[in-house]
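Just so you know, the sequences run in chain order P, L, W and S.
Read left to right, the first sequence gives residues 1 to 330 (my numbering).
Read left to right, the second sequence gives residues 1 to 553 (my numbering).
Read left to right, the third sequence gives residues 1 to 215 (my numbering).
Read left to right, the fourth sequence gives residues 1 to 94 (my numbering).
No lab work stands behind these hints, which were simulated from the structure alone.
Think of the CB as a built atom: it goes at the ideal place given N, C-alpha and C, for glycine as much as any other residue.
Treat each hint with caution, since some may be false.
Said to hold, decoys possible - A few chain L residues facing chain W, derived, Cβ under 8 Å:
#1 Asp121
#2 Phe124
#3 Pro125
#4 Leu129
#5 His196
#6 Thr197
#7 Val223
#8 Ile231
#9 Ala242
#10 Ile246
#11 Gly253
#12 Leu261
#13 Ala305
#14 Leu309
#15 Pro471
As the list claims (entries may be wrong) - In silico lysine to aspartate or glutamate, EDC-like type, Cα no more than 20 Å apart, as pairs:
#16 Lys65/S with Glu184/W
#17 Lys174/P with Asp203/P
#18 Lys5/S with Glu184/W
#19 Lys534/L with Asp23/W
#20 Lys5/S with Glu20/W
#21 Lys190/W with Glu8/S
#22 Lys96/W with Glu8/S
#23 Lys297/L with Glu70/P
#24 Lys115/W with Glu20/W
#25 Lys5/S with Asp93/W
#26 Lys65/S with Glu20/W
#27 Lys65/S with Asp23/W
#28 Lys5/S with Asp91/W
#29 Lys5/S with Asp23/W
#30 Lys190/W with Asp64/S
Said to hold, decoys possible - Among chain W residues calculated to face chain L with C-beta under 8 Å, some are:
#31 Glu11
#32 Glu21
#33 Ala22
#34 Leu25
#35 Leu36
#36 Leu41
#37 Leu43
#38 Trp66
#39 Ala110
#40 Tyr123
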Amino acid sequence: MIPGLADIPFFPEEAGNSAPQVDAIYWALVGISTLMTVGLFVVITCFLIRYRHTSEANRTMLRLSPTYLEVTWSTIPMIIFTGLFVWGAVVFVKANRPARNATPIYVVGQQWYWDVRHQNGRHEIGDLHVPVGQPVQLIMTSADVIHDYYIPAFRQKYDVVPGKYTSLSFTATKPGKYRILCSQYCGTDHSLMTGYLFAMRPDAYQRWLQAKDGTGTESMAETGAQLFRTFSCSGCHGENTGVHAPSLAGIYGNSVPLQGGQFVTADDQYLRDSILRASAQVVAGYKPIMPSYQGQISEEQAMQIIAYIKSLSQPPAPAASLPVPNSSTP
Amino acid sequence: MSSASTTIEPSPTGPPPERHPVTPDYLNDGYGLRSWLTTHDHKRIGVLYLLSITVFFFIGGWAATMMRLQLLSPHGDLVTSETYNRLFTLHGVTMVWFFLIPSVPTVLGNFVLPMMIGARDVAFPRLNLLSWYIFVLGGIFTLYATISGGVDTGWTFYTPYSTTYANGHVIAMASGIFITGFSTIFTALNFIVTTHTMRAPGMHWFRLPLFVWSLYATSLIMVLATPVIAITLALIALERFAGVGIFDPRIGGDPLLFQHLFWFYSHPAVYIMILPGMGVVSEMITCFSRKRIFGYKFVAYSSLAIAVLGFIVWGHHMFVASQSIYAGMIFSMLSFLVSIPSAIKVFNWTATLYKGRIHFHTPMLYALGFIGLFTIGGLTGLFLATLAVDMHVHDTYFVIAHFHYIMVGGMVMAYLGGLHFWWPKISGRMYNEKLAQFSAAIIFVGFNLTFFPQFILGYLGMPRRYPYYPPQWQVFHILSTAGASVLAVGYLLPLCYLTWSFFFGRHAPPNPWHASGLEWNETSSPPIRTNFEKLPIVTREAYDYPYPIQKDA
Amino acid sequence: MPRESASHIPEQFESRAQQEEADALGIWTFLSTEILFFGGLILSYSVYRVSYHAGFAEASQHLYFWIGTINTFILLTSSLCMALAVHSIHDGDVAKLRRYLVLTFIFGAAFLGLKLCEYYLDYREHLVPSVNFDPSHFLHPHAAELFLFLYFAMTGLHAIHMTLGLSALTYLYFRARRGDFSQEYHSPVKVVGLYWHFVDIVWVFLYPMLYLINN
Amino acid sequence: MGAQKRPERSTLYWIYASLVLLLILTAIGAKLPLGAGAHDVFAFGISIAKTILIVSIFMEVRYDKGIVRAFAGAGLVWLALLFLLTFSDYLTRP
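With the rest of the complex left out, here is chain P (with noise of 0.2 Å):
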C-alpha cells in the first residue's frame, strides 16, 4: 500500500493557459525565497560558530552609523517586490479576462454540488466538459452560500457568491480529465462538492454536446422562453400588452437610464437583479411596480430567462461569433 516515490504528485499538471505563465512567477518567488533564506541561514550559522561565548574571535569593529545598511537592505527587497507585484498583477488581468469570443458555461453552486449548464441546453451535474483550445467562460452564481470554483490544474480559481455573477475565464490547452474543487467552504460536504473537468478535442466535445441524454433537448434560450411566459413575464414585457413595462428586445448589452439621473448596462447582472430583486434598479419613467421574484425564480431558471432576453438582443440567433454549437455542425 505504501507508493513508489514516482507515484506521489510533488507538482500538480499544467493544462490551462494560464498555469505556465503563474508556475514560471511561482518558481521565481521559490528562487528568491530559498535565496533569501539559504543565505541568512549561511549567515546566520557562520555568526553563531564565530561568535559563540567562549570563541576568542576579535570582536572590535567599526563604529558606524548603521543607516547605510538599513536603507540598503529595505531598498534591494523594495524593488525586487515591485518587480513581482507588476508581473503577478499583469497575470492576473490576463487570466481574469474572458477572451471576445468565449464560450459561455453557466454554472450554479449549491450546496454540495456545482450545477452547470451549456448554452444549448446539456446540463451536468459537478462535472464540466470543455474544447481544448477554445476560451470559455464561466458565468458562476450561488443559489446559497459562497463557494469557490477551483481547477488547480489552471491555477485558477473564483468565488461564487450569492447574489452576484462571478466568472472564471480559461482555455484549456491539454485533453484529459482534472479535478475541480470547491475551495471555499461551505458547510458540512465541502469536502464533497468536487468533480471533474474534461478537456476534450473540439470535435469530440461538439460530439458530447449534442448527445441526447434527455437533457439536451432544448437550448438555455428556448427553455428561458418558456419561463418568461410560465411565469407570466410576457405579460407585461411582451408585445402589445397593457401594461406599461419597458420593452425587452435589444436592451442586453445596451445602456439603460435609470430613475434619478444614472445609467446603467444591462448586463446578465443588471438582469438578474432586475428578476430577483425588481426594485433595486429602475428604468426611467417606469413606475416600480414589478414583484419580486426572489425565492419563486431559480438561480438556474434566472439564467435562462437571461438567456432568451440576450437571445432577442441578436437576431437572427444564435450570433455568428459565438461558437453555438446547435447551429450547425462543422
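Put chains L, W and S on the given structure of chain P with help from the hints.
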C-alpha cells in the same frame, strides 16, 4: 513627586543569588484563592492569564490533534465531516482569540511591562483585573458553545453561511469573541496609557526596551481594530437571531461587506499575533549575544510601521472573492510593502549576532528558531501577496502552512522563549536547562515536519477545511501528522518541567542571564508586590551590554 | 495637597498630575475605540446608501423627522449641562456640580424616553425588520429593510451607550454627594464628561444619516 | 492645577447657542428643494461643524496637550482608512 527615588546603576552581574526564603515577594504576598482573584498586581494578573490561556492552548491543541488524526486517511475514518468542521472551528477560535492574541501581551506583557519602564504597576490596575474577568467570561461563552455541540462556521464566520446556513451555536460563539474583544481592548488601553505616563524618570522613549515598543504598537492595533470585529460579530449574531440583516444577499446585502469588515480586523490581528513575539525576540537576542541591538531606532520604528501598514493590506484575503480588480491591485502592492519592516527586523537581529558573545540558553534557541521559521513564513507570504499566485494557492494548504509558520513557528516559539526567559522572575525558580533545550529542539523539528509538507500539498491544490481528500496526497498528510505528534510531545514537556520547577526548582538569582534592563537589575526574583523598593532613575541606554567594542572609524 | 480629598492617590502613581494625565489618555484611547465601533456600522450604512440611494431616501421618509430633531436638541442641551458640570467642579463648586449632573441626567433620560416612544410608533407602522416589517409600504422593500435594520442597529447601539452614560452619571452623583470630588481631584467627572460628549457627537451624525435623506 | 486653561462659562453658553442654531439650519435645509448631493454636503457639513465645536470647547481639546489631540485624531484617521480602502473596492467594481 519622585523625590523618594534613588539612582541605581544597572550592573551587568547583579547582586549575589542568595535569597532568604521568607523575603516578601508578590507570590507570598497573601495566600489563598481570594487573594489571587481580587489582586490588582499586574504580575499576579499575568499569572492568572498564563493559567487560563494554557487551558485554551491545550483545548485548541486537542482539536488540532483530532484533525491531524482524521487526515491520516483520505477517507476520514475517525470523525464525520460535521464533527471535523466543528473541530477546525474550535481550533481556530480558541487558538486565535484565546491563545495567540492574549499570549505574549497579557502574560509576558502584563508581567514585565511595568517593571521594564520602572513603574509599580500599570496605570489602571482594576481595569487590568477586570479585563481578565472579561476574558474568562468570553471563554465561558466559547466553551459553552463548544460543549453544547460546537459551531461549524470556521473562525472566519463568512456570511451568509454563518448567518443562515450554519448549524450550531453561532450566537454563543460570536458573543464569546465579542466579550473577549473588550478584554483585549482594555489591556491594550492600559498598556498605551502606562507606556505614556508611567515611565520612570530618565526612561525616555528611546531608552525603552524594544519589547515595550512592540507592545505599544500591538496595543495600537488592538484598540483600533478590535472594535470593528466586535460590531461585525454583533451584527452576525443579530442577523442570525432576527433572520434578516445587512449581510443577507436575499435583500441585496453584500457578503463582501462582511469580508471587508472582518479582515479590517483580522489582518491587523495577524500582526497582533506576531509583533509582541518580535519584541520578545529582540530582548533574547541581545541578552544572549551580550550585545546592543543593531539599529535600535529602525527596529523600534519598524514595529510602528508594521502596525500602521498592517491595517491597509486586508484586501489580499479577497483577491478571488469578487472584489474589484483595481482594489486587488492596491492591496497586493501594499502587501508587498508591509514585508519591508519585517525584513528590517530580521536583518537587524542577524546583524546583532555579529561580534557578540553568543550563549545558547533555551530562550536563545527559541529566538533563533523564531528567526528561521518567521523568515520562511514571511517569504511565503509574498507568494500570497502576488495576485496571480494567490489565484492558485488561496484557501489551500499553502495558506495554512504559511500562517502556521508565522503564528506557531513565530509567535508560539517567541512565547515559549519569553516564558523561559522570564520564568525566573515569574516563579523565582530555575527550570532544567538540558530538558528545556531538548524540548526546544523537538519543537523545531516537529514543527517543520508538520507544516513543510503542507506547502507542497497546497500547491498541488489541497483546499483547506477538507476532511476527505484525493488519496494521492495521503503521503504528505502522513508526514504532517507524524510531525504533529512530535510537536505535541514538544509542547507537553515544558508544561511538565515548568510546573515541576515552579514548586521544586532551584531558587533563581535576581539576574540569572546577566541581562540588562530594569526588570533584571532592580527587582528580586520573584519581585516584590510593588516591583521596586524605590523607583529607579534611569541613566543608561537600553541593552547596555559590553559588545561590540567600538572603535571610531 | 492643599486639602486631603476623600480619594487618595493610588499607589501606582507618583502624583495627582500623573493620575490625571493617565485618566485623560485612557478615556481618549477608549473614545478612539468607540469611533471604530460605530465605524463598522457607519461603513455598512455608507456602502448600502451608495448602492441603494433611492430606497434609502424612501425609507428615511418613514421615520419621524420631528422626533429626531427634538432629540438632537435635547442631547445638545444635555451636553451643555455636562460641560457646565465639569466647569463647576473645576471651580470647586460641588453643589453646582450635583445640580448639573442631575440636569444632564434628566435630559439624557428624556432623550431615551422619546426614543422609546419613537420605537413604539415605528413598531405600530410595521417598520421593524424581522418583527413586523411590511414590504408593501415601500416601492423598494429590500433597500428599505436594509435601511431600517441599520436604523435600529445604529440607534439601538447609541441608546445602549446612553444608558451606560446615565449609569455613569448616577455613579458620579453619589460620589459627589459623598464628597469625593474637589477642585484638586475630579478626574472621573472629566472622564464621564468626555464620554457623554462623544455619545452626543455620534448622534449629531446619526441624525442627518437617518432622518435627513432627501431625494 | 486650577491654573490649567479652560473655557469660560459664557463661552459654553455661546457654543450651545451656535449648536442649536446649526441644528435649526439643518432642519430647515432638509426641507429646502436642493439637489441630493447639495443636501448631503449641507447636512454633513453642519454635523462636522457641530462636532468641531463640541470637541474643541466642550471636550476642551483646544486647551489640551498635543498628545491628547493626537489620540483624539487617531480613531478618525483609522476610520478614514477603513472607508478609503473599502470604497476603493466598491467604487471601482464594474
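Structure-based check of all given hints:
no., hint, verdict
1, Asp121, "4 Å, holds"
2, Phe124, "6 Å, holds"
3, Pro125, "6 Å, holds"
4, Leu129, "13 Å, violated"
5, His196, "6 Å, holds"
6, Thr197, "4 Å, holds"
7, Val223, "5 Å, holds"
8, Ile231, "4 Å, holds"
9, Ala242, "4 Å, holds"
10, Ile246, "5 Å, holds"
11, Gly253, "7 Å, holds"
12, Leu261, "5 Å, holds"
13, Ala305, "19 Å, violated"
14, Leu309, "18 Å, violated"
15, Pro471, "44 Å, violated"
16, Lys65/S with Glu184/W, "19 Å, holds"
17, Lys174/P with Asp203/P, "14 Å, holds"
18, Lys5/S with Glu184/W, "14 Å, holds"
19, Lys534/L with Asp23/W, "24 Å, violated"
20, Lys5/S with Glu20/W, "15 Å, holds"
21, Lys190/W with Glu8/S, "16 Å, holds"
22, Lys96/W with Glu8/S, "16 Å, holds"
23, Lys297/L with Glu70/P, "11 Å, holds"
24, Lys115/W with Glu20/W, "35 Å, violated"
25, Lys5/S with Asp93/W, "18 Å, holds"
26, Lys65/S with Glu20/W, "13 Å, holds"
27, Lys65/S with Asp23/W, "14 Å, holds"
28, Lys5/S with Asp91/W, "12 Å, holds"
29, Lys5/S with Asp23/W, "18 Å, holds"
30, Lys190/W with Asp64/S, "13 Å, holds"
31, Glu11, "6 Å, holds"
32, Glu21, "5 Å, holds"
33, Ala22, "4 Å, holds"
34, Leu25, "5 Å, holds"
35, Leu36, "4 Å, holds"
36, Leu41, "6 Å, holds"
37, Leu43, "7 Å, holds"
38, Trp66, "27 Å, violated"
39, Ala110, "27 Å, violated"
40, Tyr123, "14 Å, violated"
The structure does not agree with the numbered hints 4, 13, 14, 15, 19, 24, 38, 39, 40 stated previously, though it agrees with the rest.
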